[in-house]
Amino acid sequence: MSVNIAEFRHDFAIIAGWLPFGGKVLDLGCGDGALLEYLKSSLEIRGYGVEKDDANWLACMSKGINVIQMDLEAGLSDFEDQSFDTVILSQTLQAVHNTEGIVREMLRIGREVIVTFPNFGYWRHRAQSIQGRMPVSKNLPYQWYDTPNVHLCTIYDFDQFCINCNINVKQRLVLTANQPVTFMPNLMGSLAMYRLESMPKK
Amino acid sequence: MSEINPSSLAEQSVGIVAAQTAHFKQPLSLKSGATLPQFDLVYETYGQLNADKSNAVLICHALSGTHHVAGKYNADDKYPGWWDNLVGPNKPLDTNKFFVIGVNNLGGCHGSTGPASINPQTLQPWGSQFPVLTVEDWVNSQTLLADYLGIQQLAAVVGGSLGGMQALQWTIAYPERVRHALVIASAPNLTAQNMAFNEVARQAIITDPEFHGGDYYAHGVVPRRGLRIARMLGHITYLSDDAMGAKFGRKLKDTIRYSFDAEFEMESYLRYQGDKFAGEFDANTYLRMTRALDYYDPALPFDGNLSQALDKVCAQFLLVSFTSDWRFSPARSHEIVKALLDNELTVSYAEVTAAHGHDAFLMPDPHYHAILRNYLHNIKVGEPS
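Going down the list, the sequences are from chains Z and U.
Mapping to our numbering: the first sequence position 20 is 20, numbers consecutive.
So the mapping is simple: our numbering equals the position in the second sequence, first residue as 1, plus 1000.
Simulated from the structure, these hints should not be mistaken for lab results.
Idealized CB from N, CA, C, for every residue including glycine.
Mixed in with the good hints, there may be bad ones.
Claimed, not checked - Label-pair restraints from in silico Cβ distances:
hint	chain 1	residue 1	chain 2	residue 2	range
1	Z	Gly101	U	Ala1196	32 to 42 Å
2	U	Leu1300	Z	Asp53	32 to 42 Å
3	U	Met1244	Z	Glu80	35 to 45 Å
4	Z	Glu197	U	Cys1314	31 to 41 Å
5	U	Ala1196	Z	Glu73	31 to 41 Å
6	U	Pro1209	Z	Glu73	50 to 60 Å
7	U	Glu1199	Z	Ser77	29 to 39 Å
8	Z	Cys165	U	Glu1383	54 to 64 Å
9	U	Lys1247	Z	Glu73	30 to 40 Å
10	Z	Gly101	U	Asp1242	29 to 39 Å
11	Z	Glu73	U	Gly1279	41 to 51 Å
12	Z	Gly75	U	Cys1314	53 to 63 Å
13	U	Glu1199	Z	Asp81	53 to 63 Å
14	Z	Val150	U	Asp1254	29 to 39 Å
Please build the complete structure, drawing on both the sequences and the hints.
Structure (structure tokens):
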């Protein structure tokens, strides 16, 4: 890699830190394959991506990434139970319709799940909302009329979702401008990153 | 990995080509238990085999295909080979890089030993006595052609439809002899509905009074009517409802005449295709090609478990399906994808949005060709000779 992508995508570096070396990784909504390419070169993962967009699919193929073209809302039955070390949903959660169903599918397929999403509770988003505008930011770059995002949530909302769905949060990190946020993360954090697993059986 | 710009270099034809024949004097044991005492395979090649023989790509044909994949025999030929839009200098399957082989399958009617060939034991055309062949038999015979050409391992096997089944079979039966398989608009076996179309086609041929139990050569006739209807039926299933609607709709050639003539344009199209095919294809070959399709089922010895059937496979795969293809639907390609994933193999899968139905795999759709171009571009081969 000529460019060290982790320098400007700190979230990629954090995800890499949560993966085993040489692990088997599924990236749902993998876009142009940048994350998988980074993980492949840094951790020698065995990676597969799922992507529905034609141009993104081709970009993955050009990078030599394994990519399966399918709509992840249509089901993930190509993937066996517990057949991956980690299943990733990187900044795609807010754009899926069947949110609970997809997270459950991820937990079925992967021993561990990583979910990252733009925090709607970030103060800049709240400030824009108070001013009577739909929030637009680096992590939410769309206007209200062209956004693919349908299920925006805050960190509190997602914490509650995990409790309701009996999902164990192994780790949670919150970033703003690539820097970790520990003080009032639901207000000060722009990007939320979760490391999840099914609740251990008692 | 490098990005490639498809428009940067002009696509060219492979130019004037000539078929060649490989004679095999050794008997070939078939899956049915029968044996072919000797056989010929007719083939064409495009591009140059490189020094370490690592750039050979075999193209497997579908039901009615031939070894004539690209180029023309004469400058004034009306049409080039059947996959000319794919194969040539700077085309997606670039003959500047690859040594491409097209072969006419055993049992064919374009030069390879088939039902119309002379049986050396009777000195008569084989006819009804020509054995029923399987995808496995074809692949076995293709490995002998690879041996004949001095190629130990193919860079890739490429095939659409029935050709895709052969590509898959290569990876199952000869895992060490193929690095990549491009399986396009194919399936791991046929559904009952798909086999049903084949049965109707065969019945049309077999019940033609001029079929003579398959020994029509001796009578100086061919079962044209049956073959024509079989082909007309096939054409309906290769197109989507939308594609037929867009191409013909309810357009009349002239006016309604309250007759059973070809009044609608769709009818003239089907009759034209049927007539053309019946004039150039051998009915006995058609019967055997459809039977090979019906019989192919690599998961059968594993109680239908395709993942187990692919246990020994080590090739890398590209699978492509087309949204409007109802004869080899995307769901069927997903079955192969799942079995490859279960075996942790290297696989990519594209589902191309296309209106042309099963025929889409032969069309030069820009996105489809970009997929093949990118995939083939990334295949590593040795230095040119």
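Hints and how they fare:
At roughly 36 Å, the beta carbons of Gly101(Z) and Ala1196(U) sit within the given window of 32 to 42 Å. Separation of Leu1300(U) from Asp53(Z) is about 37 Å and conforms to the stated range, judged on CB atoms against 32 to 42 Å. For the pair Met1244(U) and Glu80(Z), the supplied restraint of 35 to 45 Å holds, since their beta-carbon distance comes to about 39 Å. Between Glu197(Z) and Cys1314(U) the beta carbons are some 32 Å apart, a value that agrees with the proposed interval 31 to 41 Å.
Between Ala1196(U) and Glu73(Z), the C-beta spacing of about 33 Å keeps the proposed range 31 to 41 Å intact. Distance hint check: the CB atoms of Pro1209(U) and Glu73(Z) are about 55 Å apart, consistent with the given range 50 to 60 Å. Look at Glu1199(U) against Ser77(Z): about 30 Å separates their beta carbons, and that is inside 29 to 39 Å. The beta-carbon spacing between Cys165(Z) and Glu1383(U), approximately 56 Å, falls within the hinted interval of 54 to 64 Å.
At about 32 Å, the CB distance of Lys1247(U) to Glu73(Z) agrees with the hint of 30 to 40 Å. The hint said 29 to 39 Å for the Cβ distance between Gly101(Z) and Asp1242(U), and at roughly 31 Å that hint holds. Under the hint 41 to 51 Å, the C-beta atoms of Glu73(Z) and Gly1279(U), about 49 Å apart, fit the expected range. In this structure the hint that Gly75(Z) and Cys1314(U) lie 53 to 63 Å apart at CB is violated, the actual value being about 29 Å.
Separation of Glu1199(U) from Asp81(Z) is about 38 Å and departs from the stated range, judged on CB atoms against 53 to 63 Å. The given range of 29 to 39 Å is broken by Val150(Z) and Asp1254(U), whose C-beta atoms sit roughly 53 Å from each other.
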